[in-house]
Amino acid sequence: MSREVRVRFAPSPTGPLHIGGVRTALYNYLFARRHGGKMLLRIEDTDSQRFVPGAEEYIIESLKWCGIEIDEGVGVGGPHAPYRQSERKDIYLKYAMQLIDAGWAYYAFDTPEELDALRAEAEQKGDTFAYNFKVREQLATSLCLSKEEVEARIARGDQWVVRFKMPENEVVKMDDLIRGHVEMNTSTLDDKVLYKSADALPTYHLANIVDDHLMEVSHVIRGEEWLPSLPLHYLLYRAFGWEDTRPEFAHLPLLLKPTGGGKLSKRDGDKMGFPVFPLFWTSPTTGETARGYREDGYLPEAFINMLALLGWNPGTEQEIFSMQELVEAFSLDRVSKAGARFQPDKAKWFNAQYFRALDREQLAAIYQPILREHGIETSDELAGKAADIMKERVTLTTDLWDLTSFFFVAPTTYEEKLAKKQWKGDNPAMLAELREVLLSIEDFSKENTEVVVRAWLEQKGFSLGQVMNTLRLALVGEGKGPGMFDVTEFIGREECVRRIDNIIANLKPME
RNA sequence: GGCCCGUUCGUCUAUCGGCUAGGACGCAAGAUUUUCAUUCUUGAAAGACGAGUUCGACUCUCGUACGGGCUGCCA
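10 is the number of the first residue of the first sequence in this note's numbering; add one for each residue after it.
It cannot be assumed that every hint is accurate.
[To be verified] Straight-line alpha carbon distances no greater than 30 Å define the calculated DSSO-like cross-link-like pairs of lysine-lysine that follow:
| id | residue 1 | residue 2 |
| --- | --- | --- |
| 1 | Lys98 | Lys134 |
| 2 | Lys134 | Lys156 |
| 3 | Lys429 | Lys517 |
| 4 | Lys143 | Lys156 |
| 5 | Lys156 | Lys205 |
| 6 | Lys469 | Lys426 |
| 7 | Lys73 | Lys103 |
| 8 | Lys98 | Lys355 |
| 9 | Lys280 | Lys205 |
| 10 | Lys156 | Lys182 |
[Unchecked claim] Label-pair ranges, simulated between beta-carbon atoms:
| id | residue 1 | residue 2 | range |
| --- | --- | --- | --- |
| 11 | Arg381 | Thr421 | 49 to 57 Å |
| 12 | Gly87 | Glu297 | 43 to 51 Å |
| 13 | Asp125 | Ala161 | 51 to 59 Å |
| 14 | Gly250 | Lys272 | 45 to 53 Å |
Read the hints as simulated data drawn from the structure, not as lab findings. Predicted model only: the values in this text are computed from it and were never measured. Backbone N, C-alpha and C fix where the C-beta goes; we use that ideal spot for every residue, glycine too.
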């Protein structure tokens with residue numbers, strides 16, 4: 010049986026998407042593209058309590074920044090619209106009732122308080138309360154209440170939920186594309202809530218199965234935290250009579266905190282010393298903010314490349330992958346089983362690799378907004394050139410200004426260590442002489458300037474290091490930066506002279 | 001606690017019974033360099049433990065330990 014590949018990314022809008030979610034979306038996307046299928050975006054907002062305004066927009070913008078394209082779903086539309094579960098409300102009740110009618114589910118009237126009490130009681134005895142075959146006939150459920158009583162309770166407006174009637178002692182045999190064959194005994198499982206009358210909304214389990222079926226999803230690729238509910242999902246497909254079209258499942262290894270203490274979560278914010286979100290986020294309720302990869306100066310291609318390799322590998326030694334290359338190389342059976350700790354240093358390395366591959370036009374586009382923030386108006390050509398000269402030293406795009414500001418702004422202070430070493434003895438006089446040499450140069454290209462200056466220093470018997478470092482002190486102010494002839498060419502003859510005059514006038518020789 | 005999943009260098013990983021266990025990040029040393037970087041070379045660094053299967057186990061089986069997930073009218 011081969012059917013059209015249709016996968017979905019189905020986040021819950023309870024806050025910003027974290028990088029684990031992005032990776033899940035990415036693997037879904039790669040799988041869809043690899044097999045010529047469709048990528049859907051469904052918003053699972055069935056928990057009215059945890060809904061966070063702005064989260065959906067954030068998710069969409071994040072995917073867009075990452076280059077993960079949605080073929081069908083929220084923000085795009087499609088044949089199975091709507092794709093927001095809160096807008097599909099009326100669909101689910103019917104299915105919940107169908108399950109009750111078929112004996113696969115039942116009404117339960119326990120209040121949250123009663124359940125809390127039962128849990129507390131069990132805990133006191135060192136037990137864990139489970140809502141299952143052992144207790145369901147002793148509780149306020151349609152399994153033991155009379156039909157009249159059930160109807161009366163519903164009619165009078167008592168709140169109820171629909172629970173799945175988990176069979177007793179049955180071994181559910183499941184197959185996972187990543188983990189292989191998995192078996193679980195239903196006696197260890199409990200009767201999950203499928204539908205809640207309080208807000209007339211299904212829970213994840215029901216909505217998920219119904220929507221995946223209705224939307225003709227062929228493969229469910231999701232985090233490993235869902236593995237324990239797989240038997241329930243299998244049983245739901247069976248209860249609905251949809252086993253023939255039940256999707257294949259793949260449970261991805263979790264992304265762990267770098268400290269090793271559990272799975273990465275939204276609450277980690279950026280307290281780990283690196284962003285856990287793709288984009289900057291401001292909480293609409295608390296006003297709290299969290300850093301994002303985009304704002305921190307990462308290139309989306311580098312970010313994606315890094316994420317792709319966290320839990321998957323191509324089996325070759327290739328490390329740098331464009332999205333297209335990822336699509337071509339991706340396969341679920343090369344996804345690893347063990348959780349992966351996120352490693353911030355590697356993300357930086359990827360970014361540095363991608364940054365140096367940028368051409369001047371791309372560099373200018375990235376650098377111009379940063380320059381403007383610093384009050385520098387310049388041409389795209391010069392912005393691109395400045396960034397290009399220094400690009401091998403850039404890790405994050407936010408490094409750019411620190412690394413290249415001297416191209417645009419003359420130094421006002423001089424690094425003490427370098428000044429102590431260079432601004433003494435004959436060096437000030439030597440620099441004054443070099444000023445005249447520079448003034449005399451007609452063709453100020455770096456190649457020509459270098460020829461002239463080298464000839465001069467050889468004739469004078471100066472050492473290259475001495476001259477260059479003193480000149481660096483005058484033009485850059487610090488012991489860093491590109492080759493000095495890159496600097497002279499970039500800032501031009503007049504600016505060179507001006508900066509030399511500046512240091513001679515303002516910095517007293519050391520001794 | 002119960003159920004489930006996992007376990008190769010510090011980290012991400014390769015190895016699908018024959019290994020001198022490979023690569024990458026990071027780290028260290030050296031070389032190149034007008035500074036800082038880059039680059040290049042080299043190095044240190046791993047099969048959780050115990051049984052079994054086998055001519056042979058990192059690879060298969062079982063147990064133990066450890067890690068993780070789930071155990072909500074959250075997803």
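We went through each hint and held it up to the structure:
Among the hinted pairs, Lys98 with Lys134 is inconsistent with the structure: their alpha-carbon atoms are about 40 Å apart, more than 30 Å. For the hint pairing Lys134 with Lys156, the CA-to-CA distance comes to about 34 Å; that exceeds 30 Å, so the pair is violated. In summary, the hint linking Lys429 to Lys517 is supported, as the alpha carbons are separated by about 10 Å, within the 30 Å threshold. Proximity of Lys143 to Lys156 is assessed by CA-CA distance (about 21 Å); at most 30 Å being required, the pair is judged to hold.
For the proposed pair Lys156 and Lys205, the alpha carbon gap of about 20 Å is at most 30 Å, so the pair holds. Distance restraint check for Lys469 and Lys426: the Cα-Cα separation of roughly 26 Å lies within the 30 Å cut-off, and the hinted pair is therefore satisfied. Distance restraint check for Lys73 and Lys103: the Cα-Cα separation of roughly 35 Å exceeds the 30 Å cut-off, and the hinted pair is therefore not satisfied. A C-alpha spacing of about 44 Å is found between Lys98 and Lys355, which places the hinted pair above 30 Å, so the restraint is violated.
Under the criterion of a C-alpha separation no larger than 30 Å, the hint pairing Lys280 with Lys205 is inconsistent with the structure, at around 36 Å. Between Lys156 and Lys182 the CA atoms are separated by roughly 35 Å; this puts the pair beyond 30 Å, and the hint is violated. Checked against the hint of 49 to 57 Å, the pair Arg381 and Thr421 fails, with Cβ atoms roughly 21 Å apart. Between Gly87 and Glu297 the beta carbons are some 35 Å apart, a value that contradicts the proposed interval 43 to 51 Å.
Roughly 25 Å separates the CB atoms of Asp125 and Ala161, a value that falls outside the hinted 51 to 59 Å. Look at Gly250 against Lys272: about 35 Å separates their beta carbons, and that is not inside 45 to 53 Å.
Going down the numbered hints, you'll see the structure goes against 1, 2, 7, 8, 9, 10, 11, 12, 13 and 14, while the others check out.
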